[in-house]
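Work out the full structure, taking the sequences as your base and the hints as a guide.
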Amino acid sequence: MDSQITVKRLPKRGNNYPIVVAGELDVYGSPHLQQELAVILRGKDSDFGQGDRIVIHTEKGEFASEDGRAFSSAGLEYIDASGLGAMMSGLKRAKERGGSVCLIISDPKIKRIFAITGLDKVFDTFDNPEAAYQTAIA
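For the sequence shown, counting from 1, position 16 maps to 309 in our numbering; every step adds exactly one.
One should not assume that every hint holds.
As the list claims (entries may be wrong) - DSSO-like cross-link-like pairs, simulated, lysine-lysine; straight-line CA separation at most 27 Å:
| id | residue 1 | residue 2 |
| --- | --- | --- |
| 1 | Lys337 | Lys305 |
| 2 | Lys305 | Lys404 |
| 3 | Lys414 | Lys305 |
| 4 | Lys301 | Lys388 |
By construction, these hints were calculated from the structure, which means they are not laboratory data.
Encoded structure:
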């Protein structure tokens, strides 16, 4: 089955490592997120460490990828337990290296899933990118 997911890294912003996740983050799409998180956290050129943060964008918008190419994101439309697990795994690995993961979630359906599961208490979540990038890394 084809995965309906897009996962792209954006250029690093200070101590922030942004990723855009769009489409359906399910059992088929979760490995794509895990792969990108692994590159940031353990890649051969990785310098992720104390005080750094992965910022996962789930909102609709226009972005420029790490290679400078512009693209549009329709936003995260669906997430299941495997998608939540991929995010939790990334958070665990980030914390092991002294960092963190935050989420930008503008879709009420996606926010509700995080609230129902209690993960809105585990992740720092923001309604928009401005709020996320203005907040100091704890």
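Evaluated hints:
Simply put, Lys337 and Lys305 have alpha-carbon atoms about 16 Å apart, close enough for the 27 Å limit, and the pair holds. For the suggested pair Lys305 and Lys404, the alpha carbons sit about 25 Å apart, so the restraint of at most 27 Å is met. The straight-line distance between the Cα atoms of Lys414 and Lys305 is roughly 26 Å, inside the 27 Å bound, and the hint therefore holds. Of the supplied pair hints, the one linking Lys301 and Lys388 holds, its CA atoms being roughly 22 Å apart against a limit of 27 Å.
Against the hints set out earlier in the document, no violation occurs for any number.
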